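There are 4 protein chains.
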Amino acid sequence: MCRLMAYLGSPIIIDKLLYQPKNSLVNQSINAKELEEPLNGDGFGLGWYAREVNFEPVTFVSVHPAWSNRNLRNLAPKIRTDCLIAHVRAASVGEVSESNCHPFQYKNMLMMHNGGVENFSNIKRKIREPLTDELYNWIKGQTDSEHIFAYLLNDLFRNHKTLSPEAVVDAFENTFKALKKMMAENNIHEAAYLNMVVTNGLFIVGTRYVTDPKEEPLTLYHSEGSRYVVEDGVTQMMAPEDDDQAVLVVSEKLSDDKDWTLIPPNHFVIVDNTLNVRIRAIKA
Amino acid sequence: MCRLMAYLGSPIIIDKLLYQPKNSLVNQSINAKELEEPLNGDGFGLGWYAREVNFEPVTFVSVHPAWSNRNLRNLAPKIRTDCLIAHVRAASVGEVSESNCHPFQYKNMLMMHNGGVENFSNIKRKIREPLTDELYNWIKGQTDSEHIFAYLLNDLFRNHKTLSPEAVVDAFENTFKALKKMMAENNIHEAAYLNMVVTNGLFIVGTRYVTDPKEEPLTLYHSEGSRYVVEDGVTQMMAPEDDDQAVLVVSEKLSDDKDWTLIPPNHFVIVDNTLNVRIRAIKA
Amino acid sequence: MCRLMAYLGSPIIIDKLLYQPKNSLVNQSINAKELEEPLNGDGFGLGWYAREVNFEPVTFVSVHPAWSNRNLRNLAPKIRTDCLIAHVRAASVGEVSESNCHPFQYKNMLMMHNGGVENFSNIKRKIREPLTDELYNWIKGQTDSEHIFAYLLNDLFRNHKTLSPEAVVDAFENTFKALKKMMAENNIHEAAYLNMVVTNGLFIVGTRYVTDPKEEPLTLYHSEGSRYVVEDGVTQMMAPEDDDQAVLVVSEKLSDDKDWTLIPPNHFVIVDNTLNVRIRAIKA
Amino acid sequence: MCRLMAYLGSPIIIDKLLYQPKNSLVNQSINAKELEEPLNGDGFGLGWYAREVNFEPVTFVSVHPAWSNRNLRNLAPKIRTDCLIAHVRAASVGEVSESNCHPFQYKNMLMMHNGGVENFSNIKRKIREPLTDELYNWIKGQTDSEHIFAYLLNDLFRNHKTLSPEAVVDAFENTFKALKKMMAENNIHEAAYLNMVVTNGLFIVGTRYVTDPKEEPLTLYHSEGSRYVVEDGVTQMMAPEDDDQAVLVVSEKLSDDKDWTLIPPNHFVIVDNTLNVRIRAIKA
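Chains as they are written, first to last, in my numbering: chain H, 12 to 295; chain F, 12 to 295; chain E, 12 to 295; chain U, 12 to 295.
Bear in mind the hints are in silico, worked out from the structure with no lab data behind them.
Any given hint could be a false lead.
Copies of the same chain are indistinguishable here, so a pair counts whether it falls within one copy or spans any two.
[To be verified] Mimicking DSS-like on lysine-lysine, the simulated pairs with C-alpha atoms at most 27 Å apart in a straight line are:
1. K269 <-> K118
2. K151 <-> K89
3. K225 <-> K188
4. K89 <-> K294
These numbers come from a predicted model, not from an experiment.
Assemble the whole structure, with the sequences as input and the hints as a guide.
Okay, structure coming up:
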């Protein structure tokens, strides 16, 4: 079912996010705590921004499990960024291939998904139909995730001239509504789980969503504070006392402490470019 | 631009086809002789039939270059088959991924392609439109090749109830005609190179084709005889003298001898299940 | 800690061993039942004999997890053999690389190991010292396993002119004695777990061994009967009633039935070329 | 035979070194200009220093060819460093595995090699004998290169308390002398080609060396100037006019211009931490 994390805040060495916490994302690749099937060994990916160079993010993906990846292990202590997106995959729709690894990149945006749409092939061609040629051809892999993001981008660019958290929120609501309609029309009765994160390096919009309101969506937490600290595997968000600021959005808590807030079911978590966090219901 | 080979005949250890000839397919992965760009290092694939088990073929593909693949090296001297298809890739359209490796399999059929369609993305969605849902979802990768085969299969099953060399020939002609039309309507003026091979383990249909008759298609040879022999790197087709029989269809000669016949431009090579070989013009 | 299996008997399609049982080796790669750490996702390997071709085995290994390996999935239903060795790895000593994948091959012999020697680097150079140049250079990887097998082969060829189960048993005893001595002299106080399997395609010798008699060795079972059958995931050894015969040696039971016998601690399981099974104490 | 490059100077985006020059190292992976066998497709590796974090370098290696590596392509435009080491491999001794990829790292040092020792297995155990246990166990792969570097490090730390270009020069001369002796005593009569580069991120020592003075060593060039510029594939070393400084040491010229100086046969190129370059005969 995958696990994901997103960080926005003061520049940080990514080792502190990916390896050092007791329940770090790399540990979740072996043994996630809040999943029935604890294994997320079907590849991984990260994306980050090197703003001192330009606004386009870097992605680094692999079909190998995160836990044994030598390059990830070596890069993590040397990369410093103010915005990191990371994902470990448990393949449902789509083979284990680089094209199916999250995050997906479109220009300066990064996207990732935790969840899935059962019998996705029932609606695959429907979801592609309205896409512009450019977005149609942007799709490289087989995942439900990438197709849904293409739909989201298509809606976003049709309805909005500038990229903002509000525009992304709007596009998510349109996408989820459309998806529910397509599912109903194409014989998909199982709930679709749609915890999704979009960032441009300046803001983050995340969803904790399930199409069937009787079901519980997958877990999604956030944490905010003046500064993110990890010591002996225990993470801590320091209370605001200076200019440092940091927000984390994660599938599961990185350590057993009380700094984590569960996003309510079918709500957005919106982190703007001043690091203010808003929680808002998803109207879809 | 890729290189390919197909064998149909008396059971043979595949090492004799893949490694032993001087200009074997594995050697062509490093240094093809009849290509401007001699390198075919973007993965490889083979498919063969184990008729003692059942009629579905086995495929074995890798994103690693053929020349250094330990598993290929180890399997080759131990696999015996009467029908082998093999391909080394030089990526044009589509990333280096297992999904983009040839041969492509549909049930008991195997398909592979040497060539390409420039600006393929111009017609990608057109080519998918007429596909049945099943064939639409059968496509796993990004290549022009796989999309063209989906179109071919779609035409084949719509117009024919049983699989035969004639049915495949017919479907190829329809596909090439349709492709030329789509290209013309979507602003693709470059010639498309379409050396393609389809087999079901019992017969082979190959094409040596280019959409623009003023251009020379890529090379495609065949060789036939009573038995295929390779000694010190030199291949030989023994003259018919007993019941053994063998036919090879290859992108380039496996050794410098006179057993190879160049297929004429825009012609089919058709090997039926009695190993008779016919050469026929492609009407498209 | 790895999981392994070995089959000797009537020719069998290897899918029945690797995939079909409820607790098949491929399932053990995700979730082994009799290990504290259930994951064996650091590559896999198999070796089998194609006696219709020659006496040298084929090995097929990968650094990818077994559960998602497309080539393994495709090959398994088409390979038929009377002797299969297979291993899924949880890396302890040595990186995830093809050179560290079991089984190891020396001429017509295959070897694999489940267990480990703590602080192996303390004795690595000691264990290499007595080796002939040929065996010294035969070692390709970093594992304790491969080094111990090199020592075993060295002892075997020094003391025996022909290969037989008795010769292998003798070499194992010498090797385990020597290893205990080296460990004692080089400050290794932890018990070493040494469940090891050697075959030449005609006989199998397996050990269930731990250097410290106060410790329990890792599990190792065997099963024997007239024929191995798997239906709906449940394996069964048919009672001897005809000429068919089959023996399995496995780290853990392939399904919950009573056909499995736990080898006693520090005992050999010896399957000879008539498929007779003997259990004998290891004198070391 | 491999190709290599080393850069020391003003911080630079590594894309300018790896991709932009006409004859960039990535292009050399497909088609090196100054090698009989132009292909270097058996993996690649780079190492660089992120001094703003600490003194240990990062290494990034892959068994895939450099030309199609998505992660390398993505990382290159975002990594800025003042010391980069990079290598594309054509495997001679040792399989295609991450352990055999250059550069090799020991603490804050990086090492790489272009060349080879024929029949290296003749002297493999000799070269390991004098090593400290730590360096004995530091060796992870099978290459002649890594073994020679272990010998070099062993000599270096035995005879020198601090790391300096002079110390490395001294250790190289001892290593080459010892190697020639071992070769002579163990029946290796072919010339060994030893273009080797060692750096600690502050200085570089490179060798252009062949053990047989009658042979021509492999090419090795250097280039120095105030600033390294690449425009439309053409590299240029600007004449010293300001504080910017840069030195390149490369197997072959990155573009056809006159900024490149061939190191004389059997000479060192020594770049110290003020970017002064000295060329000095190798006494061995």
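Status of the hints after comparison with the structure:
1. With identical chains, the CA atoms of K269 and K118 are never at most 27 Å apart, being 36 Å at best within one copy and 39 Å at best between copies.
2. Taking identical chains as interchangeable, the C-alpha atoms of K151 and K89 lie at most 27 Å apart only when they sit on different chains, with a minimum of 23 Å there against 30 Å within one chain.
3. In this assembly of identical chains, the alpha carbons of K225 and K188 lie at most 27 Å apart only when taken from the same copy (17 Å versus 52 Å across copies).
4. For a Cα distance limit of 27 Å, the shortest separation of K89 from K294 qualifies neither inside one copy, at 41 Å, nor across copies, at 38 Å.
Figure legend: structure checked against the earlier numbered hints; hints not met, in rising order: 1, 4.
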